[in-house]
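Peer 1: Sequence:
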Amino acid sequence: LSAGEVLKNLNKFYKRKEIQRLGAENGLDARLFHQAFISFRKYIMESSSVSADLHIILNDICCGAGKVCLLGHVDDLFPFFLRHAKQIFPMLDCMDDLRKISDLRLPPNWYPDARAIQRKIVFHAGPTNSGKTYHAIQRFLSAKSGIYCGPLKLLAHEIFQKSNDANVPCDLVTGEERVYANEDARQAPHIACTIEMCSTNTPYEVAVIDEIQMIRDPARGWAWTRALLGLCAEEIHVCGEAAAIDLVTELMYTTGEEVEVRNYKRLTPLTVLDYALESLDNLQPGDCIVCFSKNDIYSVSRQIEARGLECAVIYGSLPPGTKLEQAKKFNDPDDPCKILVATDAIGMGLNLCVKRIIFNSIVKPTINEKGEREIDTITTSQALQIAGRAGRYGSSFKQGEVTTMHREDLAQLKEILSEPVRPVKAAGLHPTPEQIEMFAYHLPDATLSNLIDIFVSLSQVDGLYFVCNIDDFKFLADMIQHIPLNLRSRYVFCTAPLNRKEPFVCTTLLKFARQFSRNEPLTFDWLCRHTKWPLAAPKNIKELVHLEAVHDVFDLYLWLSYRFMDMFPDAALVRDIQKKLDDIIQVGVCNITKLIRASPSSAAAPGTAEVESEGFPFSRTKRDTSVVSDHPNAKSPGALSIAVEVPAERRTRNLKAYRPATRQEDLRGHGRGSLASRLLREGLLTQEMLRQLESEWQDQHRNGRYGLGSKRDDQSSSKETGRKKK
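Residue numbers (the UniProt record's numbering): 1 to 726.
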């Protein structure tokens, strides 16, 4: 057979609409059809021989091409193509069963216990500092039994303490911790938990779901959907932004339950100032500077203490105990610390006596629906959540103020705060372990990562729902794929909370999985050897970041100990040394400016070079797109992505406009001008990088690369303006 003729007819087969329609009828969507054809074409073109019946068909097609009486037609290849497709996509043989398993169109039916009772739904809607959660908690405390579901361990711990202080016995349940109100470990009638840990089988009189707007979160939204639809309580009190009222009402309409809405207004006035701070010399007691990167935290805190002022520091990767101690230090009127430098971690979970919120920047990293990282201006919801921390009701400041560090950001901040909050349109869903197990029964040879891919590609949802981003899950599934584990254990390991930016944490999870697969218990001594405990106080920022990573490892051990008690037997001992480590980290944070001076000029530890979002729990775990793994199939560290910030008058809301440097500008001018200064402040550029860029720029000038004839280059560069940086 002529290879050219065979290839021409195969491509003709691929382009025929009838063949594509037949493929769709047999479970091959456009993506699978294309992949199957590429494989089928490669099989035919690269095989030294093919089956006799396929050879006859190809011969008839090639010999009959162009003749009036055709011996064969390209459509005759379809049975062979479909047979090949089923070999590379085994799910095609059981497509109907798989579609039924992945049908997510009726989530309310997943919770028969909740559907068996008529629940009362009360939506407490209002901005930050409006008392909405307070009223819901009062009903929680007065009930015979209740459950509080919050997004953070800090919030769950606060309700736990508040309940027990009010003589209402309440247990604390988080992924890493169980604390019983009763000494005999008997379950109390009230529970405060992180939302992922709530039980949908236990009956309660009252349930409180906090921060309901997070039902739209691309990674964690499924937990709010599960709680809202599945909690078996006579009354469900939902707290959050008014932007979620319509969605909650529609979801409850599908369950036959009505929603009572109670609206609240802010209890203290909040004023947007007409002037920016512009200089740290203008700081006042009660000021909080909000940054969106660790580099900014390090830089700003060092500049403040250089002025003889003491400041507290709070960012997302600090242990909860350290955050609370820093908040306590800042709130204490007798403590000389009167300034707070924080990321948007202060947006939830901490009660702070802040007079004025100062945005150091109004751009921050975000994770979109596809799991991709973007640099964008903060949303109205985020801005209100952070700004609302100023002038908390009951604090020493009767009103709150908000402004920016830089004058050019102020007008845009005012615009952001004046806009209505974007309505919440859909609720997140996530495949359950049972659904994945049923998939594995039909596809026994597929990896867990492939099972998830197939599930998402076949899943069907209606307009009120979306499937949450499962990239974090797939990352861990690929990372431990080479370790022999049963499916249920593998699934649990893949839902473990860890910081993907920390290679130490990721490699420790690999060690946990290997030890577990050998059926060897992970003892306290084993953990101490691998973490080199005991650890000394940090001498620089790099050592502080490592201590935070070790704290995450202890969290990981405790999280796994509640899922595999026999294999992680020393939870009590690990919790003891974790408290000691928390104290060591607190010492380091209190001396953070000394650590910065002892660190390299960039003041950034490994893994923090990229701009990082620290605050709102917008993802199930604090993860990034790069990690070091000892497995060849694991993802390699991602390249650094930098988005350049420009003056407000040239910047659109989604940062589509960027100012390209013209050939007449000298790089040394950049070093003195606002662009380089802003990049340095944002942590996107270091002095060393700036010197290297200056050297390269001068070399290019000497070589004539950017001489008078470079107008075409400038025009080409200008075409890049308006493209969103990721």
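If you're looking for bench data, these hints aren't it; they were derived computationally from the structure.
All C-beta atoms in this analysis are idealised placements derived from N, C-alpha and C, irrespective of residue type, glycine included.
Any given hint could turn out to be false.
Derived DSBU-like pairs (lysine-lysine); straight-line CA-CA distance at most 30 Å [unchecked claim]:
1. Lys474 with Lys42
2. Lys425 with Lys338
3. Lys398 with Lys355
4. Lys355 with Lys162
5. Lys42 with Lys8
6. Lys539 with Lys511
7. Lys42 with Lys162
If you anchor each label on the Cβ, the simulated ranges turn out as follows [to be verified]:
8. Asn263 with Ser142: 44 to 50 Å
9. Asp165 with Gln399: 58 to 64 Å
10. Glu258 with Arg488: 35 to 41 Å
11. Asp445 with Arg597: 52 to 58 Å
Peer 1: A separate judgement is required for each hint: does it hold in the structure or not?
Peer 2: Status of each hint after checking the structure:
1. Lys474 with Lys42: 28 Å, holds
2. Lys425 with Lys338: Since the Cα atoms of Lys425 and Lys338 sit roughly 41 Å apart, the hinted pair is violated (cutoff 30 Å).
3. Lys398 with Lys355: 8 Å, holds
4. Lys355 with Lys162: With a Cα-Cα distance of about 25 Å, the restraint between Lys355 and Lys162 holds, given a limit of 30 Å.
5. Lys42 with Lys8: OK: Lys42 and Lys8 at ~13 Å, within 30 Å.
6. Lys539 with Lys511: Roughly 28 Å between the alpha carbons, so the hint for Lys539 and Lys511 holds.
7. Lys42 with Lys162: Not OK: Lys42 and Lys162 at ~67 Å, beyond 30 Å, violated.
8. Asn263 with Ser142: 44 to 50 Å: About 22 Å separates the Cβ atoms of Asn263 and Ser142, which means 44 to 50 Å is violated.
9. Asp165 with Gln399: 58 to 64 Å: 29 Å Cβ-Cβ, so the 58 to 64 Å window is violated.
10. Glu258 with Arg488: 35 to 41 Å: Cβ of Glu258 to Cβ of Arg488: about 39 Å, so the range 35 to 41 Å holds.
11. Asp445 with Arg597: 52 to 58 Å: 57 Å, holds
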